[in-house]
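> Each chain, letter by letter, is given below.
Number of protein chains: 2
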Amino acid sequence: MNDITAQILSRLTAVPDFLSGEALCRAFGITRSAVWKHICLLRSEGYQIDAVTGRGYRLSGLTGRPVEAEVHPFLTCRRFGRNILYHPLTTSTNIEAKALAAEGAPEGSVVAADCQSGGRGRMGRSWVSPPGVNLYFSLILRPAVPSVRVPQLTLLVAAAIHQALCRHSSDLVAMIKWPNDILADGKKLCGVLCEMQSEPDCTHFVVVGIGINVNQSEFPPDLQQSATSLFLESGQLFSRPELLASVLNHFEPLYDAWLLEDDLGFILPYLEEHALLQSKEVTIDQLKRSVRGTVRGISRFGELKLESAEGETILVSSGEAHLRSSIT
Amino acid sequence: MNDITAQILSRLTAVPDFLSGEALCRAFGITRSAVWKHICLLRSEGYQIDAVTGRGYRLSGLTGRPVEAEVHPFLTCRRFGRNILYHPLTTSTNIEAKALAAEGAPEGSVVAADCQSGGRGRMGRSWVSPPGVNLYFSLILRPAVPSVRVPQLTLLVAAAIHQALCRHSSDLVAMIKWPNDILADGKKLCGVLCEMQSEPDCTHFVVVGIGINVNQSEFPPDLQQSATSLFLESGQLFSRPELLASVLNHFEPLYDAWLLEDDLGFILPYLEEHALLQSKEVTIDQLKRSVRGTVRGISRFGELKLESAEGETILVSSGEAHLRSSIT
Numbered sequence: 001m002n003d004i005t006a007q008i009l010s011r012l013t014a015v016p017d018f019l020s021g022e023a024l025c026r027a028f029g030i031t032r033s034a035v036w037k038h039i040c041l042l043r044s045e046g047y048q049i050d051a052v053t054g055r056g057y058r059l060s061g062l063t064g065r066p067v068e069a070e071v072h073p074f075l076t077c078r079r080f081g082r083n084i085l086y087h088p089l090t091t092s093t094n095i096e097a098k099a100l101a102a103e104g105a106p107e108g109s110v111v112a113a114d115c116q117s118g119g120r121g122r123m124g125r126s127w128v129s130p131p132g133v134n135l136y137f138s139l140i141l142r143p144a145v146p147s148v149r150v151p152q153l154t155l156l157v158a159a160a161i162h163q164a165l166c167r168h169s170s171d172l173v174a175m176i177k178w179p180n181d182i183l184a185d186g187k188k189l190c191g192v193l194c195e196m197q198s199e200p201d202c203t204h205f206v207v208v209g210i211g212i213n214v215n216q217s218e219f220p221p222d223l224q225q226s227a228t229s230l231f232l233e234s235g236q237l238f239s240r241p242e243l244l245a246s247v248l249n250h251f252e253p254l255y256d257a258w259l260l261e262d263d264l265g266f267i268l269p270y271l272e273e274h275a276l277l278q279s280k281e282v283t284i285d286q287l288k289r290s291v292r293g294t295v296r297g298i299s300r301f302g303e304l305k306l307e308s309a310e311g312e313t314i315l316v317s318s319g320e321a322h323l324r325s326s327i328t
Numbered sequence: 001m002n003d004i005t006a007q008i009l010s011r012l013t014a015v016p017d018f019l020s021g022e023a024l025c026r027a028f029g030i031t032r033s034a035v036w037k038h039i040c041l042l043r044s045e046g047y048q049i050d051a052v053t054g055r056g057y058r059l060s061g062l063t064g065r066p067v068e069a070e071v072h073p074f075l076t077c078r079r080f081g082r083n084i085l086y087h088p089l090t091t092s093t094n095i096e097a098k099a100l101a102a103e104g105a106p107e108g109s110v111v112a113a114d115c116q117s118g119g120r121g122r123m124g125r126s127w128v129s130p131p132g133v134n135l136y137f138s139l140i141l142r143p144a145v146p147s148v149r150v151p152q153l154t155l156l157v158a159a160a161i162h163q164a165l166c167r168h169s170s171d172l173v174a175m176i177k178w179p180n181d182i183l184a185d186g187k188k189l190c191g192v193l194c195e196m197q198s199e200p201d202c203t204h205f206v207v208v209g210i211g212i213n214v215n216q217s218e219f220p221p222d223l224q225q226s227a228t229s230l231f232l233e234s235g236q237l238f239s240r241p242e243l244l245a246s247v248l249n250h251f252e253p254l255y256d257a258w259l260l261e262d263d264l265g266f267i268l269p270y271l272e273e274h275a276l277l278q279s280k281e282v283t284i285d286q287l288k289r290s291v292r293g294t295v296r297g298i299s300r301f302g303e304l305k306l307e308s309a310e311g312e313t314i315l316v317s318s319g320e321a322h323l324r325s326s327i328t
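One line per chain: the protein sequences are A and B, in this order.
Following the UniProt record's numbering from start to finish, the first sequence increments by one per residue and tops out at 328.
Following the UniProt record's numbering from start to finish, the second sequence increments by one per residue and tops out at 328.
Where hints are given, some of them may not hold.
As the list claims (entries may be wrong) - Derived DMTMM-like pairs: lysine to aspartate or glutamate, alpha-carbon spacing no greater than 20 Å straight-line:
1) Lys187/A x Asp222/A
2) Lys288/B x Asp262/A
3) Lys288/A x Asp256/B
4) Lys187/A x Glu272/A
5) Lys280/B x Glu312/B
6) Lys280/A x Asp185/A
7) Lys305/B x Glu272/B
8) Lys288/A x Glu261/B
9) Lys288/B x Asp256/A
10) Lys187/B x Glu273/B
11) Lys305/B x Glu273/B
12) Lys288/A x Asp262/B
13) Lys305/A x Asp263/A
14) Lys187/B x Asp222/B
15) Lys280/A x Glu312/A
16) Lys187/A x Glu273/A
17) Lys288/A x Asp263/B
18) Lys288/B x Asp263/A
19) Lys187/A x Glu320/A
20) Lys187/B x Glu320/B
21) Lys305/B x Asp285/B
22) Lys187/B x Glu281/B
23) Lys288/B x Glu261/A
24) Lys37/B x Asp50/B
These are computed hints drawn from the structure, not numbers from a lab.
Predicted model, so just to flag it, every value in this text is computed and none were measured.
Start from the sequences and build out the full structure, keeping to the hints where you can.
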């Protein structure tokens with residue numbers, strides 16, 4: 001979508017009533033036939049636009065894609081999401097966002113896609129990303145913190161997403177699986193992948209990648225036991241632009257608090273209340289070893305607190321958690 | 001320098017005696033006049049090459065630049081430095097190396113420059129990088145460790161450089177200033193800037209940037225109190241290619257040991273023996289606060305151990321150290 005088309009869409013979404021063709025001509029310094037071409041372009045992208053002689057144009061149907069014009073009406077936060085770059089298809093929004101961040105894109109910039117051809121989860125695993133149904137987006141952050149603190153962001157984002165999901169679906173019983181997933185009914189609903197570029201003393205940028213299974217109605221056979229969607233859990237369809245905005249609205253104040261507080265202490269009660277692994281026996285697979293124990297909570301630095309069979313407390317800062325006597 | 005020119009240079013450096021023009025023709029499938037053109041190119045870059053009818057070509061003088069052909073004869077390590085990309089001038093070898101790493105350059109690849117137009121130290125500060133005298137190079141690593149361990153690499157590299165410098169200049173009294181500088185006579189001789197791209201569980205790549213003031217004979221007035229060079233400290237001139245190779249030769253075994261050991265325990269005695277700050281009263285400036293205390297050592301995770309005025313032990317993982325009652 002070119003710049004003027006996007007701006008015309010923004011104006012149409014901002015006004016519930018008809019907008020005269022003349023007003024659009026004046027606003028962009030273009031002819032009536034040029035306005036008409038932009039309207040046709042928007043219709044070809046799925047927007048329903050009424051055109052009535054003497055009154056002008058009125059938006060009567062959105063596409064439900066996570067584009068700036070459809071997300072902005074729902075944004076209440078101040079900095080995040082003011083600039084959303086949307087792709088119908090991209091390899092991975094994290095790859096795109098890392099490139100933009102390296103070029104200097106400001107904090108709060110978002111890359112969103114309708115579909116990813118190479119969506120990824122942690123450790124290079126793939127994240128299935130079909131078009132038209134789910135949310136795949138990446139948020140660029142520039143926190144002035146040493147690099148060792150950045151892994152805490154994964155849990156903080158998970159808390160914000162959990163808050164947003166529960167707000168929009170009151171029946172949903174979703175749990176946060178340390179450190180980066182949200183599950184419902186034991187199946188994956190959402191994943192977070194934070195990537196950063198840093199030196200020890202300072203963080204150049206962080207890219208927070210978020211995938212949420214929103215309206216997907218079925219999963220391939222090999223994922224049916226391990227993945228679910230908001231639609232499958234609640235029977236409702238959700239507005240993707242509204243949900244994206246809601247995640248940003250919930251995350252921005254948590255992020256600001258975290259920058260001030262220097263750790264996760266302020267959000268620990270929430271994280272522990274909704275922790276899938278709390279009091280469970282788990283195995284944590286790390287790059288070179290596995291650690292076993294019973295989960296006793298989360299430290300203010302985001303580490304999982306395990307109690308070993310010998311009663312010792314172990315702090316685990318990274319790894320893949322598996323419930324014992326389960327394949328999850 | 002094009003590929004064949006570089007390969008002819010490699011052959012000439014490998015053989016102390018004359019190499020016949022015919023042998024070079026055969027080796028590269030080129031004509032005698034083509035060989036002659038490559039020889040002229042090498043001479044134009046500063047190489048002294050004797051040409052004697054009936055005997056061939058003999059290298060009688062190197063340029064002393066950190067190019068692959070001049071570094072390789074001194075390399076004894078197995079993986080580091082086998083692939084050196086040399087630039088007469090670049091913005092910053094770290095910027096160049098990060099771009100190469102993002103494209104998949106293998107571990108051990110090195111970017112070296114004769115001169116940097118935008119050389120940087122920690123926290124975005126500039127690193128003065130005049131041509132012809134010093135070493136500026138960046139090494140690409142791909143350690144299979146969680147991102148929280150990467151800051152330890154800075155101290156490990158500092159130890160390797162310290163070993164290399166002391167090996168080549170037995171009179172030099174150099175000290176390691178936690179976490180990333182080497183000083184002689186209280187002035188900066190060398191700096192290390194590690195940058196990484198990572199997710200919490202795994203490190204995609206680390207770029208270790210190293211600047212060593214080697215043969216620089218004078219510094220601008222504003223740096224004379226804070227910077228020095230190997231030449232100024234020892235009165236000797238040093239071969240830059242040999243010194244670069246020596247740093248890699250010392251670092252590779254330390255790095256391999258670190259990957260196995262999982263922490264810096266094995267090198268702590270060395271780090272503490274040569275620690276500038278040991279037993280000193282210091283202030284550590286961090287992004288948001290300052291910490292004061294007396295240095296009691298280094299932890300196996302690379303943190304500085306401070307004893308506060310109240311006798312409490314404080315572990316500091318990042319920041320800029322200043323000796324109290326000093327401006328350093």
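> Could you run down the list of hints and mark each one as holding or not?
To see whether the hints hold, each was checked on the structure:
| no. | hint | result |
| --- | --- | --- |
| 1 | Lys187/A x Asp222/A | 13 Å, holds |
| 2 | Lys288/B x Asp262/A | 10 Å, holds |
| 3 | Lys288/A x Asp256/B | 15 Å, holds |
| 4 | Lys187/A x Glu272/A | 19 Å, holds |
| 5 | Lys280/B x Glu312/B | 16 Å, holds |
| 6 | Lys280/A x Asp185/A | 16 Å, holds |
| 7 | Lys305/B x Glu272/B | 11 Å, holds |
| 8 | Lys288/A x Glu261/B | 11 Å, holds |
| 9 | Lys288/B x Asp256/A | 15 Å, holds |
| 10 | Lys187/B x Glu273/B | 19 Å, holds |
| 11 | Lys305/B x Glu273/B | 15 Å, holds |
| 12 | Lys288/A x Asp262/B | 10 Å, holds |
| 13 | Lys305/A x Asp263/A | 16 Å, holds |
| 14 | Lys187/B x Asp222/B | 13 Å, holds |
| 15 | Lys280/A x Glu312/A | 16 Å, holds |
| 16 | Lys187/A x Glu273/A | 19 Å, holds |
| 17 | Lys288/A x Asp263/B | 13 Å, holds |
| 18 | Lys288/B x Asp263/A | 13 Å, holds |
| 19 | Lys187/A x Glu320/A | 15 Å, holds |
| 20 | Lys187/B x Glu320/B | 15 Å, holds |
| 21 | Lys305/B x Asp285/B | 15 Å, holds |
| 22 | Lys187/B x Glu281/B | 18 Å, holds |
| 23 | Lys288/B x Glu261/A | 11 Å, holds |
| 24 | Lys37/B x Asp50/B | 14 Å, holds |
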